[in-house]
Amino acid sequence: MVFLGGQVLPGNVGRAILGPFADQRAVDALNHSLGVDRPLLVQYGSWIWNFLHGDMGTSYVFRAPVAPFVVDALGNSMKLALVAFVLVVPIGILGGVIAALNFNRPLDRIISLGGLSVTVLPEFVTGIILILIFGVWLRWLPIAAAWPKGAGFFTQLYYLILPSLPLFLVLFGYIARMARSGMIEALDSDYTRTAVLKGLPWRTVIWRHVLRNALLPTITVIATQTGYLIGGLVVIETLFRYQGIGSLIFTAARGKDFPMLEAGILTIGIVYAVATLIADFLYSVLNPRIRLGAEQ
Amino acid sequence: MTEPGQAANALELKDLSVAYRVGRRNRAVLRNVNLTIKAGEAYGLVGESGCGKSTVALSVVRYLPRNGSITGGSIALDGKDVMKLDAEALRRARADSVSMVYQDPGKALNPSLRIGRQLTEIFELTGVTGQAAQDKALAMLNRVRISDPASVMQRYPHQLSGGMQQRVAIAMALANDPSMLILDEPTTGLDATVEAEVLDLIGQLRRELSASILFISHNLAVVSNMCDRVGVLYAGMLVEEGSTKDVFNDPRHPYTVALLRCLPRGGQRKDQGRLDTIPGFLPGIGATIAGCAFADRCALATERCRAEPPPLYELGDGRLSRCHYHDKAQSLPRATPAEIAAAAPKQAPPVLQVEGLNKTYASHGRPLRAVKDVSVSLRPGETLGLVGESGSGKTTFARLLLGLIAPDDGGSIELEGKQLAPRLASRSEDQVKAVQIVFQNPDSALNRSHSIRHILSRALKRLGGLSGKTLDTRLEELVRSVRLTDRHLAVKPRQLSGGLKQRVAIARAFAGDPRIVVCDEPTSALDVSVQAAILNLLADLQSRQDVSYIFISHDLGVVRYLSDKIAVLYLGRIMEFGPSEAVFSGPHHPYTEALLSAVPKLDRTESLRIRLDGEIPSAANPPTGCVFHTRCPRKIGAICETQEPELTEVQPGHTIRCHIPYAELAKLQKPKTMETA
Ligand SMILES: Nc1ncnc2c1ncn2[C@@H]1O[C@H](COP(=O)(O)OP(=O)(O)OP(=O)(O)O)[C@@H](O)[C@H]1O
Ligand code: SF4
Ligand code: SF4
Ligand SMILES: [Mg+2]
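The listed protein sequences derive, respectively, from chains A and B. The first sequence runs 4 to 299 under the working numbering. The second sequence runs 72 to 748 under the working numbering.
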């Protein structure tokens, strides 16, 4: 599984870590530092072996085992990602569905164009704009994500809203677009025609016949977006000074703390692989053609 | 709305006009269509692809595509104006009084809901829920005579065969006991025997139900068996209408006359003359039509036809014809001369000799014998027709010949006396050239990003080994031989109609002077007029080049027209093999008999029909003894279940695999003269 996780990472590791919109120089630098350090195959193998046994190596900078750092950071990142996800998945799907139901009408145009434009803006741009609006100008939300020690669930949530918004915006466009095209295809399908001509009420047609078939492909996309989400974390966590896996990797790369860096990357790879597996699993559970194909 | 004492017409279209918006312009698709279907009546609507049949159907249920709109006229269902209904009233009309079944049942059913659920939701609309709805759904499935309805309720659409899916779709359409049932090509794309079963079902249901039917089909024979009256649609206009018998036996519009002449009828064969065709094309949608819409393709057209649009002339007995010269319609000159030079009887040695060919697939660990012990031989210039239901092994056999799959060890394929290697890769270049194929769907066979010239030049280079000047001359010849012109060379496949694309596919197959061309349902996706032209082309090429065909089609009339020999396959075995005439006119194998009686006939002489009950057994688990015994209407007893009959020669060159002796078969089959449409 770990090995698989390592393999899943795309070829350009730096790009994967820093996200699709990171500065090319940063990516090059990260790639370079990784490439220079890459140990011989044998060393690499033994390092993997140790990793498998829970020993992620020792940090150069902190002179302490890497594992606790990584675990903590991962926990924090998961919280941030989860908040972003919980916000973006329902809202993104809803946006796409509403757009499709209003195909080619003003509402559709607004959602589609709006989604597209926030998607193409890099996280750090939206991040800064959001900080300026909500943190500095309106002062509604704290601009640093690190909450006070011992803060409760709601306080943590409160601190996480602003950092999760840039991630939300990037993903919203993708998910809404996917949901929209899935919906349009399902609405145009013969089985929807059958349902309408049965005389079913419109709501039943949508809920029972259209949505399920329409959202199947969207689920796959959401899973692949997990990759982007994790990539986006580096920028966001740095920007909001948040102790997550992204800022851990960033700091490690800057400080040439290779064991830390490698452990961080491998962890991300694992998370990505697990997310993909879960998506595949969900897809096959929801799609009777795949679920029952094996029985026949 | 309804006058007292007079039943409302089930459907009444008055001056219905519909347009599709394309490129910011509304383009007329239906032009002032008037059509009335009386209560309990079955009305057939026929016409070439694209003439607007489906548009009529979709207008009636108010489900036109997004860019479609009704631009004039009115539609009344049971006397109620459909266009004046608000959303809720329209929904209720759909729930209560009108239902529709269309082509491709696989897509019409929701892939992620169980069949049971898709049925019960209809009853829930009327307030019947829970177990009661389940019971009603089950009763509905019983009514469409589906096997094992209880288990079908639990299944998803993809777990059903095409025929079963269409039965389910019909059950759903009938669940609300509609007064108007619209069937838009309900059997197109289904296997011939499945088609016959579904049509039988619709026929039986018709007698049980009171529903009026609008039956849309491009298959004239099917319509003639199903419908009381028929309307012929051309370019969005009704051009002829009348009782089915009148229209098909005594057509009064040149278009109807021409359509009927395109079909190989009454056992017509290629050596008795070519089929007639209809030159030219249907006017595109939105075209401005000054005079008669058919004038460009009509051999009777005069000045008057081009200037003055013909009205729908009333000819009495409810007959209508939109032709100035309706009384002369049947004197329409042929578009294609029938004469052909009589082919000399062939005595050449066989070009193809197949001995003991087997192909076994592994299916879930069990052997599946897709082709079992097949032997055939074919002479130059002859056509071997392969006949059988889906799954009988026709396509596997074709692929074995082409070397796309390797047969089991032991059998042999000889081409012009020389052993043919099992795999394409190990065949010599000449051998590869010698065996070519034409598919049902030319789209998938032609590279869409290349021009026709590119496609054909490449084939000439690869198969003919030509280049430079010789290539150009040969290209020109090839293009002319399939009756394309230079104009077609520059375009890409998608700019051509289905029939033209099929010509390109044929030209490509002929680029390397093949000895054998496998034609796998080459005309199934085409209109009858185009089909006739393609069949003529194949026959011409054959008589000129002495090429042999392996011809696969579910349309037995078409097979009969083109074939010299017939092999009837069932579960991978040859059940009957012999000269085309002997096989078709009989006495024949009980399976052949059943296949032939399943063919819908144009002349409505309902012969005693033999029905094939039940599903085709799985080839992975074939019945013991005679593999046909589970469905054989002539089964004679235990011997059929225990002992597989030998393929016995009953006449010179004619073999049958059945325990019933030939003389006995002759006696049994005598009373009903079999004839295909
Ligand atoms: N949504 C659409 N937009 C534009 N043109 C369309 C649309 N739907 C159909 N057409 C065109 O309108 C004409 C009539 O189409 P229609 O589907 O009613 O024909 P049909 O007689 O049912 O043909 P077929 O036998 O192929 O089903 C055709 O030329 C078709 O290409
Ligand atoms: S009106 Fe003229 S062109 Fe039209 S079908 Fe009749 S004869 Fe032919
Ligand atoms: S052998 Fe028996 S079961 Fe088989 S075709 Fe002949 S009669 Fe029918
Ligand atoms: Mg149609």
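Calculated from the structure, these hints are not laboratory results. Among these hints, one or two may not hold up.
Said to hold, decoys possible - Partner residues are not named here, just some residues of chain B that face chain A (Cβ under 7 Å, in silico):
| hint | residue |
| --- | --- |
| 1 | LEU180 |
| 2 | THR197 |
| 3 | MET224 |
| 4 | TYR227 |
| 5 | ARG368 |
| 6 | ALA516 |
| 7 | ASN518 |
| 8 | ARG702 |
| 9 | ARG705 |
Said to hold, decoys possible - Calculated lysine to aspartate or glutamate pairs in the EDC-like style (CA-CA distance at most 16 Å, straight line):
| hint | chain 1 | residue 1 | chain 2 | residue 2 |
| --- | --- | --- | --- | --- |
| 10 | B | LYS178 | A | ASP75 |
| 11 | B | LYS178 | A | ASP283 |
| 12 | B | LYS399 | B | ASP321 |
Idealized CB from N, CA, C, for every residue including glycine.
Q. Is it true that the CA of LYS178(B) sits at most 16 Å from the CA of ASP283(A)?
A. Outside the cut-off at roughly 24 Å; violated.
Q: Identify whether the interface hint at THR197(B) stands, where standing means a beta carbon of chain A within less than 7 Å of its own.
A: With a closest approach of 10 Å, the THR197(B) hint is violated.
**Q.** Interface hint compliance - MET224(B) to chain A, C-beta minimum distance less than 7 Å
**A.** 14 Å, violated
Q: Against chain A, run the beta carbon of ALA516(B) and see if the smallest gap drops under 7 Å.
A: Because about 26 Å separates ALA516(B) from the closest Cβ in chain A, which is outside the 7 Å limit, the hint is violated.
(Q) Run the distance test for LYS178(B) versus ASP75(A): straight-line Cα separation, threshold 16 Å. (A) Distance of about 50 Å is beyond 16 Å: violated.
Q: Using 7 Å as the Cβ threshold, decide whether LEU180(B) counts as touching chain A.
A: 6 Å, holds
Q: Closer than 7 Å between Cβ atoms is the bar; does ASN518(B) clear it against chain A? Give me holds or violated.
A: Violated: closest Cβ of chain A sits about 26 Å from ASN518(B), beyond 7 Å.
Q: Given the hint that LYS399(B) pairs with ASP321(B), test it: the Cα-Cα distance must not exceed 16 Å.
A: 11 Å, holds
Q | Cut-off 7 Å, beta-carbon criterion: hint that ARG368(B) touches chain A | A | Violated - the Cβ of ARG368(B) stays beyond 7 Å from chain A, reaching only about 33 Å at its closest.
Q. Should the hint that ARG705(B) touches chain A count as held when the rule is a Cβ pair under 7 Å?
A. With a minimum Cβ separation of about 33 Å from chain A (threshold 7 Å), the hint on ARG705(B) is violated.
**Q.** Hint check: 7 Å Cβ-Cβ cutoff, TYR227(B) to chain A
**A.** It holds, given that the least Cβ distance between TYR227(B) and chain A is near 4 Å, below 7 Å.
Q: Hold the hint about ARG702(B) up to the distance rule: shortest CB distance to chain A must be less than 7 Å.
A: 23 Å, violated
Hint violations for this structure: numbers 2, 3, 5, 6, 7, 8, 9, 10 and 11, all remaining hints satisfied.
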